[in-house]
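**Student:** Using the supplied hints, reconstruct the complex from the two chains, each of which is provided in its own coordinate frame.
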Amino acid sequence: MKYTITKDPHEDERVQKIIEISGQNIFSCYQCGRCSSGCPMAEFMDVLPNQVFMFLQEGDVDTLLNAKTPWICAACFTCTVRCPVGLDLAAVMEAIRELQLRKNYDYVDPYKVEEREELPPIAMVSNFRKFTP
Amino acid sequence: MGKKVMFYPGCTLKGVAKNLEDSTVESARVLGYDFVELPGWTCCGAVYGLAQDSVKFTIANVRNLIKAQNYGKEIGDNRVIAVCSMCYNNLRRAHIDVMKNRDKLKTLDLFMDEEANYEGNINVLHYLQFLKNDVGFDKIKSMVKKPLKGLKVAPYYGCLLLRPEEIAIDDREDPHILEDLLKLLGAEVVDYPLKNECCGSYHTVDKKEIVGERTYKLVSVAKEMGADVIATSCPLCFFNLDKRQEIAKQKHSEFEHMPIVYFTQLMAIAFGLTSQDVLHFDKHYISPEEVLKKWL
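Protein chains in written order, with this note's numbering: chain A, 1 to 133; chain B, 1 to 296.
Looking at chain B on its own, in the form it has when it is part of the complex (with noise of 0.2 angstroms):
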């Protein structure tokens, strides 16, 4: 039994992201961490709120961190980690907000009468930055198995890991952490300028065909700088461009298709788990197994 931390999964996890979730909490046990899903969670709301007016947006997200210190101190470890975007974002902005405006944080105390009040030691971490931080790369570089050499990955780190400033997990402009995570892997890295650009988030849901331009815009420009796969950590970014990669060959014929993973697949696949109950590439549009059948 490794030791045990907090995981948060998050309700896309539970579905269609599910190759997300066996290949984040697989992943860290053969690093020696028990992820332990947290106690009672709830959703996280996707988007944060930016009405300053309005409490709602945080409530929910103060309430999974009140979960989060009542079970941190039954196993004694005030970390939680989430592995999707949003998730992380929401989860990490509502500490903060709440830190910062204490009234804010008076008001929901008041209204939330059965739970404690949120003491505000938990530390929200995305899993790259555990694995970097926590972990530790050294020891994930001598658990790789199956050295990814020769697989050409753009990283693709979306809005909601670097943006706003207060809850990036590395540079906004020019962020690293997950090259050097591929590197480790042994994955070579090409430089992707698009890493940090939108997909088109929520519009994917009434404006598809605005998703499908930018689907077509982020791959094509990783093909061009010579990619096999594009690896994410947000499920939504996943679904954008691996799904609208349908709508983006309707409108231009050009378009050749790439798939799409979650680096944690890479992750998965690098310390020897390849076995569909991790990868579930069952859940990928466009299938990534001919491109990394040499590792499988």
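Chain A extracted, bound-state conformation (with noise of 0.2 angstroms):
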């Protein structure tokens, strides 16, 4: 894929908005890719989580925005654990939910949650709090 980067990332708002809201430093990334290896929900992501970063330092936060990954992210913080750089992916995840989610963005219709009386409550707490707003 041919890919021109027409604007300098760290001055895209968006960019800047994800670095705020997660605090962390997305340009520390350098790629090794240990955190997609370990993610237990890599096999159902299109996007891998050290190509999250990857879109972020070009700047392209479009494809994430559009992408699966990070409404696939468990917060289950074995990336965070790992990297060698201590960035924090799974807060990264979130900030980027977080840019959908503040415009009132309802990923999970909790009306139309099957099964409801069979469901932990910490399930539903825990799904509403990440996927509404």
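Any given hint might turn out to be false.
[What the hints assert, rightly or not] Each computed SDA-like pair below joins lysine to any residue, with the alpha-carbon atoms no more than 25 angstroms apart:
no., chain 1, residue 1, chain 2, residue 2
1, A, Lys68, B, Asp206
2, B, Lys217, A, Leu48
3, B, Lys208, A, Ser36
4, B, Lys106, B, Phe57
[To be verified] Derived coverage of chain A by chain B (criterion: at least 3 residues anywhere in the stretch with Cβ under 8 angstroms from a Cβ of chain B; other residues may be distant):
no., segment
5, 8-17
6, 27-35
7, 52-63
8, 91-100
Keep in mind the hints are simulated off the structure, nothing from the lab.
Remember, predicted model here, so these are calculated numbers, not experimental data.
Note that the Cβ used here is the ideal one computed from N, Cα and C, for glycine as well.
**Tutor:** This is the structure in structure tokens:
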């Protein structure tokens, strides 16, 4: 895929917003791939965790906003504790979700959840906290 | 009457995980501790907020910590025991977060008019930590009436007892606190390489198929390692590994079911507490009765 970076990613407003919300310096990632190799959810993702950082460093936030990956991440922190530069990847995933959620976007509709009586309260509370504004 | 210690049950233990609550409180009673429910506790929020610019996910936890601070002074003990992994993770993270970021605490203190300020002296412990460090494994060993000899258990920690690093109850890549306890109870612990891998967590609400696949992997590997049951401490891991076996079986015909138990249930059984008022096997999708009948 041919790729042209037209704008300095450091000046991209949305990249800055992600840095601000997550508190992580996304430019310190050097693509070692340790996050993706240990991710239990990687097989269900369309963009791998290390690729998320690649797109961010290139300022391509649109790809990430359209990707499934931030909504597949289960915030299990496996990557966070293994990252050699100490990046909290789970927080970056959350920041990408927050960009959308803060515009009042519902990824999950609580009224359409099946088997509500059976699910443990913690399942629903955590799901709605991650996937609704 | 045993020594009074504050216990934070959390919402799930009051319903679908009654088996976890009762086996925890009753096993502690055997060890000489009276677990008193923290008066007026509220939901912990289940997942800790990761956005740095917001304190909304911290407030409920700090409120709980303040309630513990007040009641702790009454009973003269600053420990709060949580057994649900999510509750433990949240309370502990909130404590560390506001202690590290005092400006956050100040914002919260200003926002909460009615409560006293949080002084930061509450010690949030997971039941496993409490058993190891405060009760002592020797004492537990002396209380075992029915050693679980011959029962092969796969210990499963999940994520929230070990990650992020600041709240880990043991080594995050190779923990052994649960193994040590299970061995004391007489059980045979199998080597379980996936013991700290995620079960799919809250995706069980809207992406059951993913959790079904995770369950398939986690349970199949435990079976391959020779386990009879998987022991866990998290009600969400429990639900996923237990109930989602239904989906795993639909997708993979060769899949064999395996019962899931809480480590506290095994402890209760080893202590001779075999009543269904403590164990509540009706809360299990795959009943562990057949596997455990030798000790019941």
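**Student:** Does each hint hold? Answer for all of them.
**Tutor:** Against the structure, the hints come out as follows:
no. : hint               : result
1   : A:Lys68 - B:Asp206 : holds, 13 angstroms
2   : B:Lys217 - A:Leu48 : holds, 20 angstroms
3   : B:Lys208 - A:Ser36 : holds, 22 angstroms
4   : B:Lys106 - B:Phe57 : holds, 15 angstroms
5   : 8-17               : violated (count 0)
6   : 27-35              : violated (count 0)
7   : 52-63              : violated (count 0)
8   : 91-100             : holds (count 4)
Checked against the numbered hints given earlier, this structure breaks hints 5, 6 and 7; the rest are met.
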